[in-house]
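Visitor: Chains as they are written, first to last, in numbering that gives the first Met the number 0: chain A, 0 to 190; chain B, 0 to 366; chain C, 0 to 589; chain D, 0 to 175; chain E, 0 to 301.
In case anyone wonders, no lab produced these hints; they're calculated from the structure.
Fair warning: this is a prediction, and the values are worked out from it, not measured in the lab.
C-beta: ideal position from N, C-alpha, C; glycine also.
Just so you know, not all the hints are guaranteed correct.
To be verified - Only part of the chain A face toward chain B is listed, based on derived beta-carbon distances under 7 angstroms:
id, residue
1, Tyr-113
2, Ser-116
3, Asn-182
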Amino acid sequence: MDKDKYFLNEKPGKLTYSGVFKRIDDWTRARSLWVVAYGTGCGAIEIRPTFTSRFDAERLGMRMAGTPRQADVIIISGYLTVKTLKRVIRVYEQMQSPKYVVALGACPINGGMYYDSYNAINKLDLYLPVDVWVTGCMPRPEAILAGFKRLQELIDSGRADGWKKYIENLDWYRENQKKIIKNWRMPNYNW
Amino acid sequence: MSKEEVRLFIGPQHPGITGNMSIELLLKGDTITWAKTHIGYLHRAFEKLMERRIFIKSFPLVCRICVPEPDTNEENFARGLEELAGIEIPERAKWIRTLVLELSRLQMLIMWYGGIAGSMGLSTPVQWGIGDRDYILDLFEELTGARIYHIYIMPGGVRKDLPDGFEEKVLRAMDMIEKKLPEYDEIIMENAVVQKRLKGLAKIPKGWVEEMGITGPVARACGFPFDVRKDSPYEAYDQLDFDVITEEGCDVWSMLLVRRREIDLSIKLIRQIIDKMPKGEFLTRLPNVLYWKIPSGETYVKSESTRGEFGYYMVTDGSDKPRRVHVKGPSFIHGITLAERLLVGQNIADVAPILVALQICPPEMER
Amino acid sequence: MGLKEVLKPLGAWRQIARRPHTILVPTIKREAAERYRGFHVNDLEKCIGCGTCAAVCPNEAIDMVKVEGFEAKKGDSGYRPRIDYGRCCWCALCVDSCPTTSLKMTNEYIWIRDVPEDFVYIPGYDIKGFEDKEKGYRKDKEHGLTNYNRVPMRELDPGERVKSFAEVVIGYTEEEARKEADRCVGCGLCIAGCPDRMHIPDYIRAIASGEYERSVNIMYENNPFAELCGKVCTRRCESYCSIGHEGDPVAIRWLKRFATERFSDLKEVIKVRKQEPKDKSVGIIGAGPGGLTAAYYLSLKGYKVTVYEAMPEVGGMTMAGIPKYRFPFPSLKKQVDFILSHGADLKLNYYVDPEKFRELMKRHDAIYLGVGLMKPWNLGVPGEEHPNVIYAIDFLRKVNFNEPVEIGKEVVVIGGGDVAMDAARVSRRMGARVTIAYRRRKIDMPADHEEIEGAEEEGVEIWEKIIPLRVEDAPEGKVKLVYGKAKMVDQGPGKRPKPVLIEGEEYEMVVDRIIVAIGQQADLSFLPEEIEEKLEVERGRIKVNERQMTSIPGLFAGGDVANRVADAISAIADGLRAVKGIELYLKGEL
Amino acid sequence: MELVERLKKKFEVIGFKKQRKDLFIVETTKKDLIPMLFYLKEYEGFRTLTLISYVDWIEEGKFQLSYILWNSRTKDNIIVEFRLDREKPDFETIYRMWPQAEAYEREIHEMFGVNFEGNPTQHEELILEDWDDIPPMRRDFDTLKYSMERFGERESKSGINIRKEISEQYDEWRRK
Amino acid sequence: MVARIFYAFLILLGGIAYGLLLGGISRKITARLQNRRGPTIFQNFIDVWKLFRKKTAISHGVMFYLAPMFRLVGGAGTFLLVPIVVGHPYLSNFSFGGDLIVIMYFMVLGCLGMALGAAESGHPHSPIAVTRGLSLMAGYELPFVVSVVVLMIADKTTTVEGIVRAQQGGILHWHIFTHPFAAAAAFISLLGMMMSYPFQVVMAPQEIPIGPPTEYSSSFLSYMFSGRSVFAVAKYVLFMDLFLGGATNLGWAFLKTFLIFLWPLFITNVFPRFKLEQAVSFFWTWPTLIGLIDLIRIYIVR
């Protein structure tokens, strides 16, 4: 089969919702956040307590999804190296809309401890549309949960539209991504 | 890669991997015929960053080298600097450091104990383990002011004294964990399916241990009593009474046994430490840290982490920044040299338990 | 696999009867630990903007920014730390190294935003609602990264001191000096305190790393009297020291003394760049520290310099006014010799009168007046002309020049400044019982507190709140001081309380000598009339512009005669500034 | 006979230091390194290779390679090191002696640019991906500059260095 | 007929809802076992709705699209063939003579459809999981067939309804008591059918996350989700009919299916998973042998 046919290259059309459905959609989306199981950085160590018995994020309807296809949220847990960024972009583009990005820790905001490292990016929002930023190093599970609470509020009120921004400004994001990922061997994903 | 072989990547985005790394496998049916470890997803260039930071600025940096068990790094770094700068630290500091190290080992082992079950799909003890580990993190929070990155063992001693009543709290937590452990054993060690799966799994040839530089619980599971705490005692370990735990099975089950017994050992050691903790000063005053220069020299300091021998090779050149700090994490050998060889011939289903048993921690491999 | 192993795991279901230990965050907010390293708070009033936090931050997360309402003032740079939570790693090194302990951490830990730009934060200025949290990481003063304890300076025993004019301060050993110098955090706030703007952090750092020659060279860049300053400087800088807010300030003076005293031959140590000779000449009236500083730098710049001094020795007030137990003569000689070795002419015993002054004006292209304050203020009470009432500077000069002076057995010194202390301590050394009488309280005394302490250790009595009313003659060659007591009247905030005489009470004391040390004034009688007319004088001091030039072109002034601070280091500063002014003037650019 | 005496007899020992009671540091030459490692492994009981490390002495134009060995019987560590020409950093592999050396050498090749002749995998990427600059662990590689150029920095930084600022203020005063 | 279809549709919806609810309950119970609170029991409804309304743009070919439908149809078919309340005009569903064999065929249909779709998805995990799933199916089908054959021979019928009717007349007439070994074999194979640990080799997240549905998302996943839950309910109902004497009204049906639902849950949370070959060899030895005891007993009793 032709490789291109596997992946739709054009951008999807706009989705329109009518009032009630949109309301229900937002409500359920806020309460059913599946997080892709990808510990991208050191924050992964605090994600474990968050999702296990002591803090139990499942109370809020969150659970780990083994594959990006089924996930709604990707947690960028701390710094991102260039090598991981490539995978993260790939994971993010494999996720189905609507999808959200939560950035944990100081590092994705402005480089954090690794502001001068040649292998860690400094500003995540250049490459991915981040919906909620939680600072801390590492953010405690309480802070992570509060961050998710914030994300839920945003989704519930229909304001978490990072994924739309990503589609609309795809060229800009791509340009930034390609600037630091030198060997762009990635398929053009559909959404 | 022949026609009937399938190439499969375990990781980096994979619930069964022990961190942000990946293992490339060639499969023939369910059997692995070739394995290759890919790392670098967490490479932050610590060693490079340390070369351009003054010594005190490296101190918050080093604990991030191994995320689940940061104190080994802090202790190693501090001890190396003390050796090079010729600083004597107070007796109490040594004991507090030992306490912190053992607490840290205990929390890691409890998490690991649940984790080995989790690698086979048994998620109940994972939840228990990480939940109970949190009580030790609470202790850390009270002692050091942070849950994960303690930034506590600084050159010259420790940063703060034990808070009031901390000893009792530690003992209470130890009692609680000790009471909980039989339940873990029931569901993990005495579980028919776990035994069936782990006994005889991934036998390491005994000759590999010294040849490859395998250390820590993996070496001890092969019958080699390698334990830095005993071999070249650091901090207060020479004043503690304990035996090196070994098992003869060389398989994952033995590694499980060794670590299970080390949980008991850690609890025992913590009790001893609290018992023998001397009073007094806990920090020697450093020179002005902003301009601290250390005479030129080189050294290799090592300590026993949960995963094996953790070493710091340090070279100073008389300036206020280290010339070179090379971190030797035990996972480098376990994760690359050993895992690549050990996985060959195993079933795909056993990859996760083997990786967990080797306790591969990617951030310390690539630093 | 036996049946036991199949059934055992089922025992885990016991757990279901227990209460889960889940903490219901974020519904329930959990308080973090007592020393949790959470978000920062800063006491802006206490903070001095020294930037130590920014220097120690491993991530360059801390920026120093100007904050409204906090202007640069004494010991305060006017900057305040701004923390970027996109950089911070919560290591609390900033807290541990904050010299004033104003920067703290709370145990607050939740900070969530939708926009990444919102993570920049000026603690204390941006109100976030957790400012008054009690718990959080605090600096432990004993175990922080700042060393608050000064290495004590060894001194002669007080009993030993009064026996001779030997130097009181013994000086640091090399080890002590390096240890003391190492306390400096290098913030540079002290530079603002120094009238001469010496590169204090630089030379202290050089001492700490053992590079003494470099250290002295740095000092000589703008102070040719470094050793003098190392012994007798009023060390305003130390009151600016950031460490001094919570502990002892770095002993800048003693360190300077240590470094300069190490070298007996300054010529070998100090590398000067002498410029090619120029055909302009400058006259300097008064060989005090200011004048000699100007002479030093002008001669380095290649000008022809002539120094005119009325006294038989150079050094001005430092020679005549400072007792030898503080500033030994050989030390002065060493420095003056070095300064003069660069080509300046010296004319001693050259008393300038109006005639000579006119001549000098013609002879030289520019004149620098560094005449100092040689005329003592009068007490302003009846009976002051009594022969047993002497003036402190006269007294000190006579002692220093080994002229005979008789003070008897019992002396009262009136005044609370450094000169009063010197007079009192010199009198002690001459065997008298000394009392200091001061209008205000001891804490109000302008004298250096170390001097006051030293005086007290040596057995000088200090009487507070005493206002002399009149001086009367007393039998046996003694003199009687009649005085009243004062009460302190508060003058409102920011002003020091005023002593007001309590009417109706009179006391008296009979002593051998009354030494008056309430200040000096300028004696400008040597100026020709036409110059004196043109010269603007403001409250007893010659008015100069920022380049030390008086209202008369080509006539520069500095030192005590022109500034209000009246100490050696500001005289040196004036001299240094005048050099630049003179240089510009002679080039025709001023 | 002491270890150093035995070593000196057989090999060129440039420097020897007993850093701790269980840590020796031996400096030798490029030529003698591999024989010495072999001797230590086979005859002295230093059977385990713990680490291969590298130091850049850029001022002297040398690289230093340090081999840390461990003796499981006497519990001693020994650091065997030598200096390599920085211009032509070629050396030989020891992975036939110790299998883990393969990965260590691969890392050194990647981060430091030393060429280990005979190592079959050293050209494969281990940590970095698509690296196109000089090997990053060399001291002449400026990581801050690289990071700022490539990853940028949030504009919120004021860029004020207070110490510089203060001293500049006073420099201005001095200029007056 | 229209009414019957309408009611069947309603029953199907009810079955899906009940399945989702049971899923929610199982999550809650699991959470309690794991020392935590867990989500609300309605969490699965929320998940399904969210997935249903999520966008998707993944395309791997027609079979890829159809697989979830196969799954749903397989589940719904099984469910609609098993009588919930025997004799009830609507709740006995579409059961008919000889339906037990059809049911067993339908139970395989879903898996096969899934296998086809997953194989189309192109993700390497999916084919591995599919081979595993099919092997496992071969494993657990054997003891199940053995025990069903026991029942068919014992009751001399091939209809579920017949088997239910044969168990009437008191609790001791239930097959779980009359044919305990066959029942044991069937209940062990139920663990395999329900993909509960230790036989969870198909979706093994630590090995091949997460098996066949790896590439599926959005509404496909929600179909799969509801298909799976209705399939589970169908199995519970079938087991209730086969071994617990069926139900005379909905109340009993809920109670008995709930009891059956607890059984895999009881095992799944305290055992890790077998390897595939371990699982298959387990099925082919212990439960099959146990089931054969009853088969032999029936012949001997005869």
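Visitor: Give a verdict on every hint.
Guide: Hints versus structure:
1. Tyr-113: 5 angstroms, holds
2. Ser-116: 5 angstroms, holds
3. Asn-182: Violated. Min distance 14 angstroms.
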